[in-house]
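J.: The chain contents come next:
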Amino acid sequence: MTDIALNPAAASARPARRDIGLKRRYAAERRFKLYGIAAIAIGIFFLIALLFSVFSNGYTAFWQTEVNLAINLDPKIIDPDNKRATDPNVLLTANYPVLARNALAEKLGVAQTDKPGLRELGKLFSDGVRGQLRELVVANPNLIGTTQNVWVLTGADIDSAFKGQIDLSVDQSRRKVSDKQVEWMNKLKADGAMAQRFNTGLFTYGASSRPETSGLSVALIGSLYMMLIVLGLSLPIGVAASIYLEEYAKKNRLTDIIEVNINNLAAVPSIVFGLLGLAVFINFLHMPRSASLVGGLVLTLMTLPTIIIATRAALRAVPPSIRAAALGIGASKTQMVFHHVLPLAAPGILTGTIIGLAHALGETAPLLLIGMVAFVANNPVTPLDPSTALPVQIYMWANEAERAFVERTSGAIIVLLLFLAVMNITAILLRRRFERRW
Amino acid sequence: MSTSLVFVIVLAIGVIGYFLGRQRAVSKNDGSVKPHSLPHYHAWWVFLASALPAILFLVIWAGATNIYLERSAIAELPVRTADTVIASQSLELGMVSGIARGLGKLTADEVTNLPQTFAELRPLLSAKGVALAPDGQDYMIPIAVEWNKNTQRANYIGGIMALLLAVGGALYGLSGVHVRARARNNVERVILGALLAASTIAILTTVGIILSMLFQTLTFFQSVSPASFFFGTVWDPRFAAAGSGGSQGQFGLIPLLAGTLYIAFVAMLFAVPVGLFSAIYMAEYASRGVRSVVKPLLEVLAGIPTIVYGFFALVTVGPFLRDLSAALSGGYAFIQAQSVLTAGIVMGVMLIPFVSSLSDDIITAVPQSLRDGSLGLGSTRSETIRRVVLPAALPGIVGALLLTASRAIGETMIVVLAAGVAANLNINPFEAMTTITVKIVNQLTGDLEFNSPQTLVAFALGLTLFFITLGMNIFALYIVRKYREQYE
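Same order as they appear, the protein sequences are chains E and D. Quick note: the first sequence uses the UniProt record's numbering, first residue 1, plus one each step. Quick note: the second sequence uses the UniProt record's numbering, first residue 1, plus one each step.
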């Protein structure tokens, strides 16, 4: 007890403690740490905001509203003059949408004399029904005269309304769907004749001006071709270049120039590669515009530095003792590299290649310049045919004004991100599985 | 004789040579002398000796044939006068080769009664899947026929010579097979040559970039003076409509350069503090567990394609900022949906992982002894970081920031979608400005001719962009290299 009583006196006897601002300094320390946490929070917030924005806009794109119609393939409308046996054009140019409209009118009890009602009814389903019924009839002309149950795409506006994306509380003059159409829509929904079905069209249709019939198939095929070309060219060339630089190159001026070049190419803006492709491949070598071959070549040049840098790191990670052992038992230098070093470096090379490919898959700017922004409705057969690419399709849809295209764009982005995620996760798993510590 | 057929035959000869060479090498080895190379090296050498020269010859021959065909077609084209319908000689050539390609698909019967006018020929060819421009001329048909004959003849001669080369090479290779022949060294020399060739592609790409853009830029400067390009303050390229005559646009670089630098500046203003502080926190404070979660999350930002960022800016950030400004000012949206701010912020988000991962590496590379010394003298961790670690890491961080800035300047898709296309010169970050990359895309998408300044200006812009980013990269590498080993 006395100790405590004595303490103040003892403290006052000591020289006054120098003020080193500990309180202030600890406050600064806490602030500093807080800045760091805030910075990380900002980064992660934007990541979540971005993904949320894309997924909340886009997940509905994988379902499309369709309406089930019992369509009577009336020969009087398809072939009024009964010439289909002699003239093949009759079946191609017949007025199929009227068939769908009549089926719908019958279902909803709209009289054939009610012209404005019929016109509004016609907007309920997509004009894509023309192609759908044409394919059906041309494939099997015997169907004419029968009644077929067909799921028909609804128009983009009806689709949006059905998904609840259009505010139905505003006056009907200020929205694209009329009250009457909403009434029909609800009636069909109650009957189970209108429903959301998985949107296979998103993957099977080509370019179209109508959102509901535009899809990614051309872009997917184009991107696939380009990835194959990039893989087929940049992997062997990149590996060969890396082997030369890591294992053979003498320290001389040529080697220096090559190294500086590779490092610079890795940082050149991607759009410059597009200019190169336009000037050299299209203007000078007369390759076709919009072709995935040219896109693949441009992306190859762009991906090469990435692959070379990754491969060199993988080769460098193979310990010198392996090389010494191979040479020691009499292998030539080339045998040492190809029989021993390269197989050991293969997982690292593969990882780098996949990451390079993922990078190439998401690249847009150079492809715009070589004319891949094209309206391509038919699937390309060879890499020389006009096509688009997945990111370019996203760019083209992003420039469309309609609400339904925003949904499609986000859907396409989800597809692209899924591909990238799969590739990157594969790369990470490969690294985990095969990584060796020497 | 088509080139691809010749190619296959050459390969077949090579493969036959491979097996013959192998057999010969095995049979020559009677066990009395130790062979120098394994049989398969002899086999590969025979294959290379037969196939490689022949294939190289085929490639060169194809290129030479093309030049020859164009030369002889140009010689036959009528002299260009003021009233020549087709705009340029290269267009004429393109049409002739198109017709020639179509004629090659016709049956023998159709070729004998070939229509003499283009108007009759066009539907015939489009039925074969060869679509031709409607303004083809009748005089092109005989030239196209001649073109096809020349092509055939050249292919024939080239094919025969390639086959002779292949057979000759195979015989040469086979004759060289004996027990002490150094086949392995020969094969390895070819491999080394191939490796060297692959690594020079990097140089070729750089040379290709510079040359291709330089030539187009020089053509551009023939119609627009360099001074008015580099120092002009008005960008108004005025797409020359057909028949508008000498209406020249103005191609001032300044507004584009200003927009590019302004947007990059805003992006860096956002990305540098966020990226740098995340890097510091992760390198100095975060536990292993936090680090292993946060670092990959931030790196996901780097893996997202820039088109996705552009779309994010277009549909989410831009409208959000516009509505926010409207709410703040009570009705009037003083931030436009497409503005410097929108593009800058979104680009900044894209750059966060670059800044943070590059700085993270550099901060971790600062030796631990420096930190221990500072902490031992009684400074707090933040003081250690600010006064010791950051100064030590500064050169590296400056290099990293320069690399990041060059990426911001060359970025395309975000600004195409978020910055707008109006080439304004202003200092208000809430309004739209445009960048060099946006204008390159604008000038080169859609139908274009290759000789108008409206198109060629894109190459001048590209060359400018290339040299700006190249300068920044080289400077960054120089700084990093010069100061890298200061503390080791």
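Errors might be hidden in some of the hints.
FRET-style restraints, in silico, Cβ to Cβ [stated by the list, open to error]:
id: 1; chain 1: D; residue 1: Thr112; chain 2: E; residue 2: Thr204; range: 51 to 57 Å
id: 2; chain 1: D; residue 1: Gly94; chain 2: E; residue 2: Ile322; range: 52 to 58 Å
id: 3; chain 1: E; residue 1: Ala377; chain 2: D; residue 2: Asn185; range: 35 to 41 Å
Some but not every residue of chain D turned toward chain E, in silico, with C-beta under 8 Å [stated by the list, open to error]:
id: 4; residue: Leu192
id: 5; residue: Ala202
id: 6; residue: Thr219
id: 7; residue: Phe221
id: 8; residue: Ser223
id: 9; residue: Pro429
id: 10; residue: Thr469
With a straight-line Cα cutoff of 16 Å, these simulated EDC-like cross-link-like pairs (lysine to aspartate or glutamate) come out [unchecked claim]:
id: 11; chain 1: E; residue 1: Lys333; chain 2: D; residue 2: Glu284
id: 12; chain 1: E; residue 1: Lys33; chain 2: D; residue 2: Glu188
id: 13; chain 1: E; residue 1: Lys33; chain 2: D; residue 2: Glu383
id: 14; chain 1: E; residue 1: Lys23; chain 2: D; residue 2: Glu188
It should be emphasised that the hints constitute simulated quantities derived from the structure, not laboratory data. Being a predicted model, the structure only gives us computed values, none of them experimental. The beta carbon of each residue, even a glycine, is placed where N, CA and C say it ideally should be.
J.: For this structure, which hints from the list above don't hold up?
T.: The structure breaks hints 1, 3, 6, 7, 8, 9, 11, 12 and 14; every other hint is satisfied.
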